[in-house]
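Full structure from sequences and hints, please.
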Amino acid sequence: MLNFFFYKNKNAFVFVILISISTFSIANGSSKVENVLNEGFLTVSSPFVWVIQSAGNFLGSTWEGIATHFNADLTEKQKFIEEVKKLKAMIEDTEHLKQENLELKLQLKYQSHIEYMNKYYKGSPWKTEPAVITMRDPGTFYKTFIINKGSYHGIKINMPVIAFQNLKDPVTNEETLEKVVVGKIAQVTSINSKILPINSPNCIIHANIKGSVFKGFLEGRGNFEENLLLTQIDKMANLSVGDEIITSGGQSIFPKGIKIGRIKEDLSSESDFMRRVSVEPYVRFSTLDTIYVIKTEYSPYLKKLLEETK
Amino acid sequence: MRGYIFRFLILFVAVLLQSTLLEKFKIGEAKPDLILIITLYFGFKGGIMSGQVTGFFGGLLEDIVRSVGSLTSGDFGTNMLIKTLMGFASGNVYRRIFSDNIVMTFLLVFIATLIKGILYIIVVQISIKEFQFEHVLKYVKDSLIIEIVLNSMLSPFLFNLLDKLNLSLEKEV
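Keeping their order, the protein sequence lines are chains A and B. According to the numbering used here, the stretch in the first sequence is residues 348 to 657, in order. According to the numbering used here, the stretch in the second sequence is residues 22 to 194, in order.
No lab work stands behind these hints: they were computed from the structure. Values in this document were obtained by computation on a predicted structure and should not be read as measured data. Take these hints with a grain of salt, some might be off.
[As the list claims (entries may be wrong)] Here are the simulated DSS-like cross-link-like pairs (lysine-lysine), alpha carbons at most 25 Å apart as the crow flies:
#1 A:K445 to A:K515
#2 A:K606 to A:K503
#3 B:K162 to A:K611
#4 B:K45 to A:K445
#5 A:K355 to B:K66
#6 B:K45 to A:K496
#7 A:K357 to B:K66
Next comes the structure, spelled out in structure tokens:
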């Protein structure tokens, strides 16, 4: 009788079980289970991701080649006009390639000198590991990124992640290639790692207002909000919209002086004990392709403190 | 058994495509939700059990890619919940509405994507424990509307492809 009852209502029972598992996961997610599933998925999917990316690049370049060469029935005049357009496009492409070449040279220069530019902690230079973003959040907003380097390449959880992006100076309008904060390593498998981006509420960075002694804690604001929140700033701090925010190098794994963003809006009121501001990050996730993982770890004292507070 | 393995493989490929290749075809902040379309297909064609199980495992794969382990802010399970609900709902449409017509497919996926967007807003706002109207408006404006159009336009082709794959699998069996 009971068996018949279950069989007749099996859809409802399975629905209740699946919804319960999902709701339980949201409420009390087990990181161990997630890590195991994640590691398994990344290990299995890595070769397929490589194939898809290679195929995508091949198809993209093939299509471009076909599109530019498909001119079957043109008159002489039209052919001449097309030739001129092609030459113009080639000149533009050459200019673009020159710019790209310059940027890549600068990136290589930065990479080779980054050890000297970041000697802040006990005189030890930082090593960096370049990596390419192979997978992004399948959903709408950039929640996580997966890169093609893992523990095999010396990457560990909580290592800082930076990128090089062109930043325009608001005063001079000049564009320069600068290091910007992207986030930190959140999960590691042997050949892949996941980045927790700076706009995630779980990514908290100790930051400095450039040119001042005042510091605060920077955190992301979640799914729909691009801007960050800088809190715990002293009420005496003299800050204004447009001020640059950089990493403090103090209570953080990030080395000192890496650019984060600019103050967009002062959110504090007169009655607030501490000030808080909205910060527009420099990093543009949509154009991010190559990142650099700074191979550094928390000091033993800080590590112990973090373990004790868990 | 073969059917379930086939479905899991399709979901696996869909998640990989969504995380890699479809990034290049984004319009604004939106891209097609292949997992949702596949869930709706198996719900419309196979019924409640087919829809909800497909939705659950599709959502699970999405959550695995999204999650960041111990640093997760309670997001693991969001896609599982939403896709299971969508699969269950689409399964209820099975045999009630004629879903082989292109226009009907377009309309059903249109409505389903809209419902999924609303569910997503509700679940996220509950998990962050506050209602942020401007963020919701931004999501609707920059992402949801475009996603609804993309999903609806892609669904007839994807449904056709899945029909052919399903038929060839049934012939082998």
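Hint-by-hint comparison with the structure:
About 19 Å separates the Cα atoms of K445 (chain A) and K515 (chain A), which keeps this hinted pair within 25 Å; it holds. Annotation: proposed proximity of K606 (chain A) to K503 (chain A) holds, straight-line Cα distance about 22 Å (limit 25 Å). Taking the CA atoms of K162 (chain B) and K611 (chain A), the gap is near 22 Å; set against the 25 Å cutoff, the hint holds. Pair hint K45 (chain B) plus K445 (chain A) holds up; C-alpha atoms about 24 Å apart against a cutoff of 25 Å.
With a C-alpha separation of about 20 Å, the suggested pairing of K355 (chain A) with K66 (chain B) holds against the 25 Å cut-off. Annotation: proposed proximity of K45 (chain B) to K496 (chain A) holds, straight-line Cα distance about 22 Å (limit 25 Å). As the CA atoms of K357 (chain A) and K66 (chain B) are separated by approximately 18 Å, the hinted pair is consistent with the 25 Å bound.
Hint compliance for this structure: every hint is met.
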